[in-house]
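Participant: Top line first, the protein sequences correspond to chains A and B. Per UniProt numbering, the first sequence runs over residues 1 to 391. Per UniProt numbering, the second sequence runs over residues 1 to 391.
Read the hints as simulated data drawn from the structure, not as lab findings. Some hints could be false.
The list treats identical chains as interchangeable, and a pair is accepted whether it falls inside one copy or across any two copies.
Computed cross-link-like contacts, DSS-like style, restricted to lysine-lysine with a CA-CA straight-line distance of at most 30 Å [unchecked claim]: (1) Lys66 x Lys379; (2) Lys265 x Lys370; (3) Lys2 x Lys172; (4) Lys379 x Lys205; (5) Lys245 x Lys265; (6) Lys270 x Lys379; (7) Lys371 x Lys128; (8) Lys270 x Lys155.
There are 2 protein chains.
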Amino acid sequence: MKIESVDFFYVSMPEVLDIGDGSQDALLVRISAGGNEGWGECEASPLTSIASYVCPMSHSACKPVKYSLEGERIESVNDIYRISNLVHENSLDLLQADHTLSGIDTALWDLFGKMTGEPVYRLLGYNKANPKVPYASQLFGDTPQESFDKALKSKTDGYKAVKFGWGPFGTKGLKADIEQLHAVREGLGKDILLMVDAGTVWNGKVDQARERLAALKSVDVFWLEEPFRNLYLEDYKSLSESTPKIDIAGGEGCTNFAQAQAMIKYAGIKFIQIDVGRVGGISAAKQVADLALVSNVFYVNHTFTSHLALSASLQPYAGIKDYTICEYPVELKPLAKEITKTSILPDEDGYINVPDKPGLGVEIDTQSVKKYLINTEIKIGGERVYITPDI
Amino acid sequence: MKIESVDFFYVSMPEVLDIGDGSQDALLVRISAGGNEGWGECEASPLTSIASYVCPMSHSACKPVKYSLEGERIESVNDIYRISNLVHENSLDLLQADHTLSGIDTALWDLFGKMTGEPVYRLLGYNKANPKVPYASQLFGDTPQESFDKALKSKTDGYKAVKFGWGPFGTKGLKADIEQLHAVREGLGKDILLMVDAGTVWNGKVDQARERLAALKSVDVFWLEEPFRNLYLEDYKSLSESTPKIDIAGGEGCTNFAQAQAMIKYAGIKFIQIDVGRVGGISAAKQVADLALVSNVFYVNHTFTSHLALSASLQPYAGIKDYTICEYPVELKPLAKEITKTSILPDEDGYINVPDKPGLGVEIDTQSVKKYLINTEIKIGGERVYITPDI
Numbered sequence: 001m002k003i004e005s006v007d008f009f010y011v012s013m014p015e016v017l018d019i020g021d022g023s024q025d026a027l028l029v030r031i032s033a034g035g036n037e038g039w040g041e042c043e044a045s046p047l048t049s050i051a052s053y054v055c056p057m058s059h060s061a062c063k064p065v066k067y068s069l070e071g072e073r074i075e076s077v078n079d080i081y082r083i084s085n086l087v088h089e090n091s092l093d094l095l096q097a098d099h100t101l102s103g104i105d106t107a108l109w110d111l112f113g114k115m116t117g118e119p120v121y122r123l124l125g126y127n128k129a130n131p132k133v134p135y136a137s138q139l140f141g142d143t144p145q146e147s148f149d150k151a152l153k154s155k156t157d158g159y160k161a162v163k164f165g166w167g168p169f170g171t172k173g174l175k176a177d178i179e180q181l182h183a184v185r186e187g188l189g190k191d192i193l194l195m196v197d198a199g200t201v202w203n204g205k206v207d208q209a210r211e212r213l214a215a216l217k218s219v220d221v222f223w224l225e226e227p228f229r230n231l232y233l234e235d236y237k238s239l240s241e242s243t244p245k246i247d248i249a250g251g252e253g254c255t256n257f258a259q260a261q262a263m264i265k266y267a268g269i270k271f272i273q274i275d276v277g278r279v280g281g282i283s284a285a286k287q288v289a290d291l292a293l294v295s296n297v298f299y300v301n302h303t304f305t306s307h308l309a310l311s312a313s314l315q316p317y318a319g320i321k322d323y324t325i326c327e328y329p330v331e332l333k334p335l336a337k338e339i340t341k342t343s344i345l346p347d348e349d350g351y352i353n354v355p356d357k358p359g360l361g362v363e364i365d366t367q368s369v370k371k372y373l374i375n376t377e378i379k380i381g382g383e384r385v386y387i388t389p390d391i
Numbered sequence: 001m002k003i004e005s006v007d008f009f010y011v012s013m014p015e016v017l018d019i020g021d022g023s024q025d026a027l028l029v030r031i032s033a034g035g036n037e038g039w040g041e042c043e044a045s046p047l048t049s050i051a052s053y054v055c056p057m058s059h060s061a062c063k064p065v066k067y068s069l070e071g072e073r074i075e076s077v078n079d080i081y082r083i084s085n086l087v088h089e090n091s092l093d094l095l096q097a098d099h100t101l102s103g104i105d106t107a108l109w110d111l112f113g114k115m116t117g118e119p120v121y122r123l124l125g126y127n128k129a130n131p132k133v134p135y136a137s138q139l140f141g142d143t144p145q146e147s148f149d150k151a152l153k154s155k156t157d158g159y160k161a162v163k164f165g166w167g168p169f170g171t172k173g174l175k176a177d178i179e180q181l182h183a184v185r186e187g188l189g190k191d192i193l194l195m196v197d198a199g200t201v202w203n204g205k206v207d208q209a210r211e212r213l214a215a216l217k218s219v220d221v222f223w224l225e226e227p228f229r230n231l232y233l234e235d236y237k238s239l240s241e242s243t244p245k246i247d248i249a250g251g252e253g254c255t256n257f258a259q260a261q262a263m264i265k266y267a268g269i270k271f272i273q274i275d276v277g278r279v280g281g282i283s284a285a286k287q288v289a290d291l292a293l294v295s296n297v298f299y300v301n302h303t304f305t306s307h308l309a310l311s312a313s314l315q316p317y318a319g320i321k322d323y324t325i326c327e328y329p330v331e332l333k334p335l336a337k338e339i340t341k342t343s344i345l346p347d348e349d350g351y352i353n354v355p356d357k358p359g360l361g362v363e364i365d366t367q368s369v370k371k372y373l374i375n376t377e378i379k380i381g382g383e384r385v386y387i388t389p390d391i
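Starting from the given sequences, assemble the full structure and let the hints guide the process.
Facilitator: And the structure:
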């Protein structure tokens with residue numbers, strides 16, 4: 001089947017708040033071929049990704065992303081890998097291309113799954129999808145009391161694992177961080193896994209991260225996530241070898257396989273967290289999961305947006321039994337909830353299951369998308385190169 | 001001084017060819033403060049970088065680049081480093097931001113140089129700028145004969161070092177590559193340094209790169225550049241340890257300091273090539289040069305566009321005496337030649353000298369910029385967020 005159309009839809013909450021919540025806007029990608037439609041989502045900055053799709057060519061290694069899509073055929077999974085590689089070749093010097101590819105690649109897997117009637121995880125070579133333990137992923141409250149209340153709610157909701165991150169953590173001194181950590185552990189009780197996400201707050205300040213290790217240990221933290229920005233390999237490594245020993249998680253900032261490979265090999269991390277909406281889509285994420293498996297590193301999805309993105313994030317490691325944990329955002333904005341008709345909810349035992357339906361198994365609610373649509377228009381040299389398409 | 005305006009100008013040749021020539025378009029940045037103007041250039045895909053400057057915020061770690069510029073003050077070099085760090089913090093998840101920052105950071109150094117009457121290299125802490133041996137950087141010809149002719153011309157023009165890259169190299173089999181290599185060596189004679197740039201053509205195919213080592217050795221190649229895409233650390237390392245031994249150069253694809261650090265530490269390269277128009281500007285490039293100095297790796301500029309970009313590319317290592325070589329593009333398109341009034345030409349001994357004038361020491365030809373200007377307009381939700389400004 002020939003790709004007939006690739007459409008981008010920029011959706012946003014009416015008001016975007018200055019908080020670490022990635023569910024406030026989204027760039028949806030719809031790809032049509034032979035009567036089927038596949039959907040994907042690019043993480044963050046919709047306008048910039050749209051621009052990278054439609055921009056004029058700068059030179060042979062800086063072509064717009066559309067150059068690698070138009071007129072291409074999808075007849076096997078190899079075509080998806082081939083297109084992914086084409087984008088890397090043709091848009092080598094177009095930095096944003098990997099983000100844009102992420103949504104496109106995801107939509108291609110969804111599309112091909114619908115064409116063949118197979119769930120994506122089966123197309124990736126897994127016989128079955130194993131249920132995952134969701135960790136309830138949320139922001140620290142502004143005060144320890146607020147964080148305590150959130151922790152208690154997650155416990156009441158039945159979660160076996162909970163992550164707190166961003167918010168004031170790391171910005172108000174050691175004492176304030178210790179109070180936050182004790183508040184969340186107190187709210188959760190002693191049996192629930194607790195992860196902490198530093199949101200790169202200690203970048204360039206390994207000592208400040210190291211100062212928190214004792215407190216993190218004292219509340220029995222399962223992992224410390226993203227103490228520094230992506231690829232600060234030596235700082236990650238140094239912290240991972242410090243005492244008391246806390247397992248480190250990172251990698252959400254990886255925008256291609258090579259970056260994830262560097263993190264797995266040199267950063268001393270125990271958990272590699274991959275965002276399918278950034279790393280180049282499901283194709284690149286699967287490659288990372290395969291590498292993690294032979295590298296004694298645990299693969300975990302990173303996702304903080306819609307259930308379309310959630311399903312996509314689960315597919316690359318759905319069939320790997322040893323990788324038992326998944327991120328599960330519990331504070332989604334209405335937009336991120338409403339753009340799919342399908343919700344992926346914990347089952348009665350509290351596990352998350354990948355939808356056992358063709359493609360990603362998630363139905364888009366086009367009426368809701370319409371409601372949140374941001375009309376966008378780009379003109380170059382008087383010619384309109386992008387306008388929000390009909391949905 | 002408060003930053004009063006930050007303006008982007010997208011310029012392009014009327015026709016952009018599908019060849020590895022980065023001088024066919026450019027994104028110029030003009031920053032004004034207190035009666036002075038600084039200029040910088042972002043490498044590749046002007047529209048995408050403009051979009052990253054004006055896009056709406058997605059969340060706290062994905063703000064438009066402009067968020068970190070508007071209302072800021074420039075009163076010392078520390079303010080430039082501070083703004084660079086602000087962009088990294090505020091636009092952490094905005095992939096294109098590093099490219100956009102590259103032009104902005106460069107313009108800020110130019111601006112502060114003009115404010116203080118100092119050349120940028122002095123602001124960076126160097127007492128003097130050492131002359132560099134330029135290598136004439138050009139594309140392989142379509143045929144060995146064409147490459148021979150180009151090599152002969154470079155010899156006649158008096159260059160002591162010459163680089164050939166891209167074009168058909170690596171795409172037509174081993175025999176064709178050997179013929180190209182012998183043709184250029186024959187044209188140059190035996191005394192001129194010869195560098196070869198593979199333009200990532202063997203990505204994922206270390207064996208194919210390894211097969212060329214003997215031929216590269218036989219024509220006495222000074223370095224083999226970018227056999228693979230950026231950050232494929234293990235492939236770089238593996239090739240660097242193969243025999244016959246050829247020194248490897250790479251790093252032009254680095255878009256921040258952490259990536260360059262990874263290449264220096266783990267890729268086994270002998271030359272780190274930094275493009276100021278991609279790595280985050282002069283601030284990040286200087287940090288890389290400092291690291292190279294203590295890591296037994298040679299820093300070389302990467303540049304293939306205007307003489308504004310050339311001057312910027314030289315500043316970060318201008319004062320390091322041991323780093324004697326610089327890239328010097330010799331096949332610039334008219335646009336890249338004409339947008340500056342200043343040309344940086346080899347002196348009578350064939351060396352390239354950084355202009356000894358305030359800032360980057362390069363004057364923009366606004367009449368020429370006007371000639372190549374591509375009118376661009378972006379609307380979001382009916383509101384115009386960008387239109388090409390007056391020059």
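Participant: For Lys2 vs Lys172, is the C-alpha pair at or below 30 Å within one copy, between two copies, both, or neither?
Facilitator: Between copies only: 29 Å across, 55 Å inside.
Participant: Is it within a copy, between copies, both, or neither that the alpha carbon of Lys245 lies no farther than 30 Å from that of Lys265?
Facilitator: Close inside one copy (19 Å) and across copies (25 Å); limit 30 Å.
Participant: What label fits Lys270 with Lys155 when the C-alpha limit is 30 Å: within, between, both, or neither?
Facilitator: For Lys270 and Lys155, the Cα distance is within 30 Å only inside one copy (26 Å; across copies 54 Å).
Participant: Evaluate Lys371 and Lys128 at a C-alpha cut-off of 30 Å and name the case that applies: within, between, both or neither.
Facilitator: Intra 36 Å, inter 61 Å, cutoff 30 Å: neither.
Participant: Up to 30 Å between alpha-carbons, please classify Lys265 paired with Lys370: within, between, both or neither.
Facilitator: Neither. Shortest intra-copy (44 Å) and inter-copy (49 Å) distances fail the 30 Å Cα cut-off.
Participant: Pop the pair Lys379 and Lys205 into one bin, within, between, both or neither, using alpha-carbon distances up to 30 Å.
Facilitator: Answer is neither; intra-copy 44 Å and inter-copy 40 Å both fail.
Participant: Could you figure out if Lys66 and Lys379 sit no more than 30 Å apart (CA to CA) within one copy, between two copies, both or neither?
Facilitator: both (16 Å within a copy, 21 Å between copies)
Participant: Can you tell me if Lys270 and Lys379 fall within 30 Å by alpha carbon in one copy, between copies, both or neither?
Facilitator: neither (46 Å within a copy, 44 Å between copies)
In this structure, the hints that do not hold are numbers 2, 4, 6 and 7, in rising order.
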